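Trainee: What follows is each chain in one-letter form.
There are 2 protein chains.
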Amino acid sequence: MKLTILGCYAATPRTITNPTSQVLEIKNRLFLIDCGEGTQVQLRKNKIKFSKINHIFISHLHGDHLYGLIGTVSTFSLLGRTTDLHIYGPKGVKEIITLQLKLSNSWTTYQLFFHELESNESEVIFEDNKVIVKTIPLKHRIYTNGFLFQEKPGERKLNIEAVQQYDIHTAYYQKIKNGGDITLDDGTVIENEKLSFDPIPAMSYAFCSDTVYNEAIIPIIENVDVLYHESTFLESEAPLAEKTLHSTAKEAATIALKANAKKLVLGHYSTRYEGIEPFKNEAETIFPNVLLGNDGVTFDF
Amino acid sequence: MKLTILGCYAATPRTITNPTSQVLEIKNRLFLIDCGEGTQVQLRKNKIKFSKINHIFISHLHGDHLYGLIGTVSTFSLLGRTTDLHIYGPKGVKEIITLQLKLSNSWTTYQLFFHELESNESEVIFEDNKVIVKTIPLKHRIYTNGFLFQEKPGERKLNIEAVQQYDIHTAYYQKIKNGGDITLDDGTVIENEKLSFDPIPAMSYAFCSDTVYNEAIIPIIENVDVLYHESTFLESEAPLAEKTLHSTAKEAATIALKANAKKLVLGHYSTRYEGIEPFKNEAETIFPNVLLGNDGVTFDF
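Chains R and A, in that order, give the protein sequences. So in the numbering used here, the last one in the first sequence is 301, and the numbering has no gaps at all. So in the numbering used here, the last one in the second sequence is 301, and the numbering has no gaps at all.
Next comes chain R alone, as it looks inside the complex (with noise of 0.2 Å):
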């Protein structure tokens, strides 16, 4: 699992910082998290290939999470894409976008699909094989919902010391693989822990932006690999973060332990502040493993 941060920092795009957009890649699936504007760039600059995305998840509809949407949407067809797109957004967003196309006369190239959100509880709004995503219904000024992605449990490793010790057939390979246990010709019983090894642990990854300190999310998250939780301000700006319904540094930690998070990243840094490292220092006094996001930078997990 892969983490590029695009943007991270709240309000408006400077010459410096960008606002929220971060690709994930997971099991092979590239997912694009809100889209600020610029994105389209950032993501020519980080050298993320447009075509691998197949999929946006926009958090909600202010302004730098939001207005790279519709450049990223006409530049993929500019470059003649054919492949769907799905775009999962708080409704509202499709109008946004068809608007936009409507009066510029361009439609794109590819199939455009939105799966518009309006429910205030934590649903699946993507699954295939190998990735589910859920929502994560999070506190702000305007509707807003953080993003649970999860690798589906892989396979169980075969033991084939084990299997070709017990002269098993290849035809019930398949069957230890998804953990039974197999009968032999003698009637013995073979447990599957002794035929198989443990899967790779299926990774998760969730991204909590924008959100006052609110720990109803906790339930949800729990247990997570990786939680991005925003930290606009430090604590010494407490008040306005709760006025804004934004979270401080200490807050972000609080939710991390909490929610027994085994990693924290943080950003959605308000641009008040001349550097990032004493969100750092404020998160770690609560929470041990902080990662401060950053534009352009890789998290690899």
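Please keep in mind that the hints were generated in silico from the structure rather than gathered at the bench. One should not assume that every hint holds.
Same chains, same label: a pair holds when it works inside one copy or across any pair of copies.
Unchecked claim - Here are the computed lysine to aspartate or glutamate pairs in the DMTMM-like style, where the Cα-Cα straight-line distance is at most 20 Å:
no., residue 1, residue 2
1, Lys262, Glu237
2, Lys102, Glu118
3, Lys45, Glu274
4, Lys91, Glu193
All of these numbers come straight from a predicted model, not from anything done at the bench.
Dock chain A against the given chain R, drawing on the hints supplied.
Mentor: Only chain A this time, still in chain R's reference frame:
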């Protein structure tokens, strides 16, 4: 008169080039012309004061001229702007902007005035005591206007030696500056040109993008000081220019020649070309005074 090119490449933004946007400074007014994605960052890079922009002109609703507008409008709000902002553009621009503001529940901190254009005839869309702006109807795949910015002629300059020689009272100075003749006490009429010098010549700038080769614009832009005319293609791609309703560098130069423009600025280059010098070379076979527009370049006229 000063022109700063923020972006002058066609279609999609890339790491090294930007879609169309430019700032014209004329008589101390700052006009933003077109607003492709990334314009607000280009404004920052070129140290243009956001607060000095009160009028934005949008030629047409293709993304490479428009998709940076909503971000610019939003950032003005985030910076706490209170001054009115006027946006001139094709019918539909208001719906695009207000829909996104509505769905993000983020109204502007300032008054936003839309001046939607529908006419196929040249019309005055802005006028104050120093500058007048007219549309230049262009032929493109969707409804498109260029814009002609004209300084109003200033007052005549007092010829102070002559005025003193005729012993003319200061009360008559403004009349002289306004071009009036003076009658002395003995009934002699002194013609204005003996008492004053011509004013500084009024400058004009015509922005023509995007458009196919179209001689119908010549009467509108005749004798213009500076003509910016799109040259998406070179003559080698003339059939493609015609098909997509764009122009070649040679065609841009032909319009400049026939309109008796003093200078021609080229731009809106297709990103298919490696360098832009060939555009200048091609245009110069037709018209002598060619300037290559390029991102981040400022011309003082």
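Trainee: Does the structure break any of the earlier hints, and which numbers would those be?
Mentor: 1, 4
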